[in-house]
Amino acid sequence: MSTETHSNTDITIEKRPALFLAEFNSPEECMHAAEKLRDAGYKKFDTHTPYPVHGMDEAMGMKDTPLGWLVLALGMTGCLSGFAMMQWMNGIDYPLIIGGKPSDAFPSMIPVMFELTILLSAFAAVFGMLGMNKLPQHHHPVFYSDRFGKFSDDKFFVSVEAADQNFNLVKTRALLESAHPAHLELVEEEVA
Amino acid sequence: MSDATFTPAELELMKGAESPIEELGERNLLSPTMTFNEITESVCAPIEGKTPLAWWIGFAIAFTGLGVLGGSITWLFWKGVGIWGNNSPVAWAWDITNFVWWIGIGHAGTLISAILFLFRQKWRTSINRFAEAMTIFAVICAGIFPGLHTGRPWFDYYMVPIPNQMSIWPNFKSPLIWDVFAVSTYATVSILFWYVGLIPDLATLRDRAKTKARRIGFGFFALGWRGSNRHWQVYERAYLILAGLSTPLVLSVHSVVSFDFATSVEPGWHTTIFPPYFVAGAVFSGFAMVLTLMLVCRTVFGLKNIVTMKHLELMNKIMLLTGSLVGYAYAMEFFVAWYSGNQYERYVFINRATGPYAWAYWSMISCNVIFPQIFWFKRFRTSIPVMFAISILINIGMWFERFVIIVTTLHRDYIPSGWGMFHPTMWDIGIYVGSFGLFFTLFLLFLRWIPMIAIAEVKGTLKHAHPHPHHGADPMHDEASAHDALPAPAE
Numbered sequence: 001m002s003t004e005t006h007s008n009t010d011i012t013i014e015k016r017p018a019l020f021l022a023e024f025n026s027p028e029e030c031m032h033a034a035e036k037l038r039d040a041g042y043k044k045f046d047t048h049t050p051y052p053v054h055g056m057d058e059a060m061g062m063k064d065t066p067l068g069w070l071v072l073a074l075g076m077t078g079c080l081s082g083f084a085m086m087q088w089m090n091g092i093d094y095p096l097i098i099g100g101k102p103s104d105a106f107p108s109m110i111p112v113m114f115e116l117t118i119l120l121s122a123f124a125a126v127f128g129m130l131g132m133n134k135l136p137q138h139h140h141p142v143f144y145s146d147r148f149g150k151f152s153d154d155k156f157f158v159s160v161e162a163a164d165q166n167f168n169l170v171k172t173r174a175l176l177e178s179a180h181p182a183h184l185e186l187v188e189e190e191v192a
Numbered sequence: 193m194s195d196a197t198f199t200p201a202e203l204e205l206m207k208g209a210e211s212p213i214e215e216l217g218e219r220n221l222l223s224p225t226m227t228f229n230e231i232t233e234s235v236c237a238p239i240e241g242k243t244p245l246a247w248w249i250g251f252a253i254a255f256t257g258l259g260v261l262g263g264s265i266t267w268l269f270w271k272g273v274g275i276w277g278n279n280s281p282v283a284w285a286w287d288i289t290n291f292v293w294w295i296g297i298g299h300a301g302t303l304i305s306a307i308l309f310l311f312r313q314k315w316r317t318s319i320n321r322f323a324e325a326m327t328i329f330a331v332i333c334a335g336i337f338p339g340l341h342t343g344r345p346w347f348d349y350y351m352v353p354i355p356n357q358m359s360i361w362p363n364f365k366s367p368l369i370w371d372v373f374a375v376s377t378y379a380t381v382s383i384l385f386w387y388v389g390l391i392p393d394l395a396t397l398r399d400r401a402k403t404k405a406r407r408i409g410f411g412f413f414a415l416g417w418r419g420s421n422r423h424w425q426v427y428e429r430a431y432l433i434l435a436g437l438s439t440p441l442v443l444s445v446h447s448v449v450s451f452d453f454a455t456s457v458e459p460g461w462h463t464t465i466f467p468p469y470f471v472a473g474a475v476f477s478g479f480a481m482v483l484t485l486m487l488v489c490r491t492v493f494g495l496k497n498i499v500t501m502k503h504l505e506l507m508n509k510i511m512l513l514t515g516s517l518v519g520y521a522y523a524m525e526f527f528v529a530w531y532s533g534n535q536y537e538r539y540v541f542i543n544r545a546t547g548p549y550a551w552a553y554w555s556m557i558s559c560n561v562i563f564p565q566i567f568w569f570k571r572f573r574t575s576i577p578v579m580f581a582i583s584i585l586i587n588i589g590m591w592f593e594r595f596v597i598i599v600t601t602l603h604r605d606y607i608p609s610g611w612g613m614f615h616p617t618m619w620d621i622g623i624y625v626g627s628f629g630l631f632f633t634l635f636l637l638f639l640r641w642i643p644m645i646a647i648a649e650v651k652g653t654l655k656h657a658h659p660h661p662h663h664g665a666d667p668m669h670d671e672a673s674a675h676d677a678l679p680a681p682a683e
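If you read the sequences in order, they're chains X and D.
FYI, my numbering numbers position 83 of the first sequence as 83, with every residue one higher than the one before it.
Just add 192 to the spot in the second sequence (first one is 1) and you have my numbering.
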């Protein structure tokens, strides 16, 4: 824990370590650091890269995402609810006999069932992705770092959260330094 | 561990999915010396720099066009659709022509962003954002026309399955209702796909912002994106799924549009070739529009190092292919009309080629089938003035295609006493010209406010973007990386 005093207001702001942020110049070095953290048993760490680096999932020891199953479930919901809607509207609630065809004729319902499958699947993909990533989240300790903004340009970052069970101010720093970062800093956040 | 210890099959596995496949003649399209920062700088420059004078001139013209659209629609609301030239027997005319034309233009955007993504065509990354924006704006323009053509646009909500004062539901046997679902799903999914692709690039703009307003504005829409690999994993999966969903979607949209015609009992419309023929034509016209706009923008904003001649040449090849598909469809329509033995069907096609609208028919044939054949020659495929001229001709030709299909069928279908001609009024022209105003107003705003090239995606295609994870070649690597290397082949 560290404290600093704002002299003009006399308010004491207590701060605690939030994460270590290591900066690298290349995806290779960043991936290498991720592999080290994975092998040392860290769980709450992350890499921040300008584009998705292939192979990073394995380097970080991440499991596959279940997003596809969510999309499948919502897609089938869209298909079946579209079918039910049209059957009820045209077949039961207000039968419309058009062109001498049965009011609940199935073949002409296929296009709308298809479109609703796609629509609900797309909602599942986008909003499921945002939900699993806990976005939007405009506040995050990494943004306290003045250097972090370069992640969206050409720098590669590794962050290790203080909440990780292996987090240790000395040992974690030493581990990250062994990966030769271009810059390493301890980011602190205010105690709420 | 060196490469020599791996079998060729293992080496192939280790190659990143983004590496060019040399056996197919693929090469890195961007210079191998290009850096990540260079991409950020060149794409952000048009948004962060001073507005070029050409932009203001273009915006003034486009905004005037938008005013024409507003005026024409206002007058239409006041007087009714009688101000258009539509009349019996040609009840579908310019408005439906414009609808099909605009929505077709949109299709290239989805093709580039989704289908080429699934086929792992890396060159799409330089043009996909641009084309997707074009899709959305084209669909907006397209949506105006059927909405107004209903005659009483304030009752358009009857098309949506919500309870209304008549206690009646939409007729789901009607292809026009299928169209409502297809086009609105298409617009929604296109916007979602576009926005998902934009999130990392909006974060780039947020992080580069010089003013607080920009940081908050871009930051709000960037959703707090921090390039986290745990996010990228789900993000990439979502993007792949969206591409997989958009591919059948885009094929369905123009198929459903073609059902509007194909399910009716009109000579020249009632054919099974319509869905594939419409989809090919849509891609054809869309690529032409992307090319027209791209040629202007890469010159004005200096993006020649990202959108290279190789990209343009590939687009020309796709136009040659789809143009020839459309040409085949034109020929097949004639063959089937003759082979059917149906006198009405035969007459419609003879009338198209020799009747009062023959000028429109032959404009269509020359612009869509004959002129694009010039792209068989590499010299013309790589000539900017030639491709610019051809892309505009294709757009004209594809407008005539829809005009020919709609008007020549309706103006002389069965009984000669029911025949007539279509004459557009100034309001037909006003709304069509005005739709360009809307399109270009949106497009110019897009160019100034949103990265017109997908920054993150282009970075991922650079030669040095993806390290080989199980590879100890980097001097920075030490013993720790050896443990997870691929097992050496047993020898």
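It should be emphasised that the hints constitute simulated quantities derived from the structure, not laboratory data.
Heads up, a few of these hints could be off.
Covered by chain D, per the in silico footprint, the following chain X stretches (three or more residues, Cβ under 8 angstroms) [what the hints assert, rightly or not]: (1) 15–21; (2) 26–39; (3) 161–175.
Take a look, some chain X residues computed to stay more than 10 angstroms from chain D by CB distance [claimed, not checked]: (4) TYR42; (5) ALA73; (6) LEU96; (7) ILE98; (8) LEU116; (9) ASP154; (10) HIS183; (11) GLU188; (12) GLU190.
Below, in silico cross-link-like pairs of lysine-lysine (DSSO-like), each with a Cα-Cα straight-line distance of 30 angstroms or less [unchecked claim]: (13) D:LYS502 x X:LYS63; (14) X:LYS36 x X:LYS63; (15) D:LYS314 x X:LYS63; (16) D:LYS404 x X:LYS134; (17) X:LYS15 x D:LYS404; (18) D:LYS655 x D:LYS502; (19) D:LYS402 x X:LYS15; (20) D:LYS404 x D:LYS655; (21) X:LYS134 x D:LYS502; (22) D:LYS402 x X:LYS36.
Don't be surprised by glycine CBs; every beta carbon is placed ideally from N, CA and C.
Query raised in the report: Any Cβ of chain D at or closer than 10 angstroms to LEU96 (chain X), or is the non-interface label fine?
Result: violated (5 angstroms)
Query - Closest CB of chain D to the CB of ASP154 (chain X) still more than 10 angstroms away - result: violated (4 angstroms)
Query - Pair hint outcome, LYS36 (chain X) versus LYS63 (chain X) [Cα-Cα no greater than 30 angstroms] - result: holds (17 angstroms)
Report task. Could you let me know if the closest chain D CB is still more than 10 angstroms away from the CB of ILE98 (chain X)? Result -> Per Cβ check, ILE98 (chain X) is inside 10 angstroms of chain D; nearest 5 angstroms; violated.
Requested in this report: Decide if the proposed pair is consistent with the structure: LYS134 (chain X) and LYS502 (chain D), CA atoms, cutoff 30 angstroms inclusive.
Outcome: Roughly 40 angstroms between the alpha carbons, so the hint for LYS134 (chain X) and LYS502 (chain D) is violated.
**Report entry** Within 8 angstroms of chain D's CB atoms, at least three CB atoms from the region 161–175 of chain X: coverage verdict
**Finding:** As far as the region 161–175 of chain X goes, the hint is violated, because 0 residues have Cβ atoms under 8 angstroms from chain D.
Query raised in the report: Should the label of LEU116 (chain X) as a non-interface residue stand, given a Cβ cut-off of 10 angstroms to chain D?
Result: violated (7 angstroms)
Report task. Starting from LYS404 (chain D), check that the Cα of LYS655 (chain D) is at most 30 angstroms away, please. Result -> violated (35 angstroms)
Query raised in the report: Between LYS314 (chain D) and LYS63 (chain X), is the straight-line Cα distance small enough, at 30 angstroms or below?
Result: Between LYS314 (chain D) and LYS63 (chain X) the Cα gap is close to 27 angstroms, so the pair holds against 30 angstroms.
Query - Nearest-CB test (10 angstroms) between chain D and GLU188 (chain X) - result: For GLU188 (chain X), whose nearest Cβ neighbour in chain D is about 17 angstroms away, the distance exceeds 10 angstroms, so it holds.
Report task. Decide, holds or violated, for the assertion that all CB atoms of chain D are farther than 10 angstroms from the CB of HIS183 (chain X). Result -> Label holds. Min Cβ-Cβ 15 angstroms, cutoff 10 angstroms.
Query raised in the report: Has the given pair, LYS402 (chain D) with LYS36 (chain X), been kept, meaning a C-alpha gap of at most 30 angstroms?
Result: violated (36 angstroms)
Hints 1, 3, 6, 7, 8, 9, 13, 20, 21 and 22 from the earlier list are contradicted by this structure; the remaining hints agree with it.
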